[in-house]
Amino acid sequence: MDGKIDLILTKSISRFARNTYDCIDMTRKLKVLGVDVIFEKENINTGRITSETELAALSSVAQEESISLSQNVRLGIRHRMKNGTFKQGCLPYGYYLGTGGEWKINEEQARIVRLIFNAYIGGMSLRKIADELKKAGVIKNDGTVNWVENRIKYIITNERYKGDALLQKTYTEEFPFKSRRNCGERDMYYVKNNNVPIVSAEIFDKANELLKAQSKRYRPSTVPREHTFAKMIYCGECGTMFRKKSGENNIFWVCRTRDHDSAECPTPQVAEKVLMNAFVNLYNRLVYNADIILAPMLNQLTEYKSKRMADGGEIENINKEIAELTEQVHVLRNAKANGYIEPASFMERMNEIASKTAKLKKDKKYLLG
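Just so you know, we're using full-length UniProt numbering here: the sequence shown kicks off at 1 and counts up by one.
Don't read these hints as lab results, they were simulated from the structure. Here the structure is a predicted model, which is why all the values come from computation and not from measurement. Check each hint, because a few of them may be wrong.
The calculated lysine-lysine pairs, modelled on DSSO-like cross-linking and capped at a C-alpha distance of 30 Å, are [unchecked claim]:
(1) K356 to K41
(2) K206 to K216
(3) K29 to K362
(4) K362 to K231
(5) K29 to K356
(6) K128 to K104
(7) K135 to K245
(8) K361 to K169
(9) K104 to K135
(10) K231 to K245
(11) K29 to K11
(12) K134 to K216
(13) K169 to K365
(14) K356 to K11
(15) K11 to K336
(16) K11 to K41
(17) K336 to K320
(18) K140 to K192
Using the sequences and the hints, build the whole thing.
Structural data, given as structure tokens:
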């Protein structure tokens, strides 16, 4: 920030961060940079407080408010999807919103969409189409010309272009609110004639039939040998799994998000040789120090497994403890609202409960594997 900012004003903690960890983490990072944060609603200035206890307690309350608000919003969205009144905010390439909120066709972009469908039906590959659009300098919605194979495939498979809509393709989990692809975990709703089409249903269906046929053609008949690193490498920036990519002379592993759009994740691709060397070095160290590292770990895991088998109700006990702590939170809030407890005691107790709850959830996650 080059010292250009020294103070951030925000309406409330819930506007600044959706959970306690993010709030504390961000205020710490800003403090290192010499930037204070003022929370208007809670009357807190991070430049004046000497302890994070008060901020942590109020952040915990804000987190509960965010969770409750998120649940209500999601219920409303699902209800609108179910009765067919849901309106999508972010429109796909080729469309724009009219003054009355209706979908309208951007003719310049629609021409590119039709070109993509016709080129694919005409025998041009997804990669070739992307390369041609890139060479022609065709601008995407994000202002770049970085057309990739997956973006072309997305356009061809997006039912919006024939006027229909498949709703709830993705869904948001409970806290910490991560978006997931819907693979049957939630209901999906198909709405016909939802918006004005750019291509006819015949062209859309023909392109998708061709796509499915080509997928089957290139799919090996036997079960492929899974690579050593498959499903083992995750991006430290966005958390998505790495995938294998073959270059002209080398093999690389790249974050799926970055592979889809380089602007969405800064993590660079990694040469497979680098991964191999790192793996071999670590493997050799573990083998060389097996008696020091692996043997004690194996003994601990064996003991832990025996303990889990002996006490099958451990997870149930953790659930009960979490429920009791949640009830304590409600009691404390009521007591504070009625003036039965001092603010300092309230915050100290809330912080203690938040710490215990976090530890119990961590233990539960570990037990569930």
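### Message
Given the hinted pair K29 and K362, is their Cα-Cα distance within 30 Å?
### Response
Given pair K29, K362 holds - Cα atoms ~24 Å apart, limit 30 Å.
### Query
When you check the alpha-carbon spacing of K336 and K320, does it fall within 30 Å?
At roughly 24 Å apart (the allowed maximum being 30 Å), K320 and K336 satisfy the hint.
### Query
Holds or violated: are the alpha carbons of K11 and K41 at most 30 Å from each other?
Holds, at about 6 Å.
### Task
Take the C-alpha atoms of K128 and K104, compute the straight-line distance between them, and say whether it is at most 30 Å.
It holds: about 29 Å lies between the C-alpha atoms, which stays within 30 Å.
### Message
With the threshold set at 30 Å, check whether the alpha-carbon distance from K169 to K365 stays at or below it.
### Response
27 Å, holds
### Query
Going straight from one Cα to the other, do K362 and K231 come out at no more than 30 Å?
Within the cut-off at roughly 23 Å; holds.
### Proposed proximity, K192 with K140 (alpha carbon, max 30 Å)
Status holds; Cα separation ~27 Å.
### Task
Would you check the hint for K206 and K216, treating anything up to 30 Å between C-alpha atoms as holding?
Since the Cα atoms of K206 and K216 sit roughly 16 Å apart, the hinted pair holds (cutoff 30 Å).
### Task
Please work out if K29 and K356 have their alpha carbons no farther apart than 30 Å.
25 Å, holds
### Task
With a cut-off of 30 Å on the C-alpha distance, tell me whether K361 and K169 pass.
Holds - the C-alpha atoms of K169 and K361 are around 29 Å apart, at most 30 Å.
### Task
Please work out if K356 and K41 have their alpha carbons no farther apart than 30 Å.
27 Å, holds
#### Entry: Given pair status - K245, K135, alpha carbons within 30 Å
With Cα atoms ~22 Å apart, K135 and K245 stay inside 30 Å; holds.
Consistency with the previously given hints is maintained throughout, with no hint failing.
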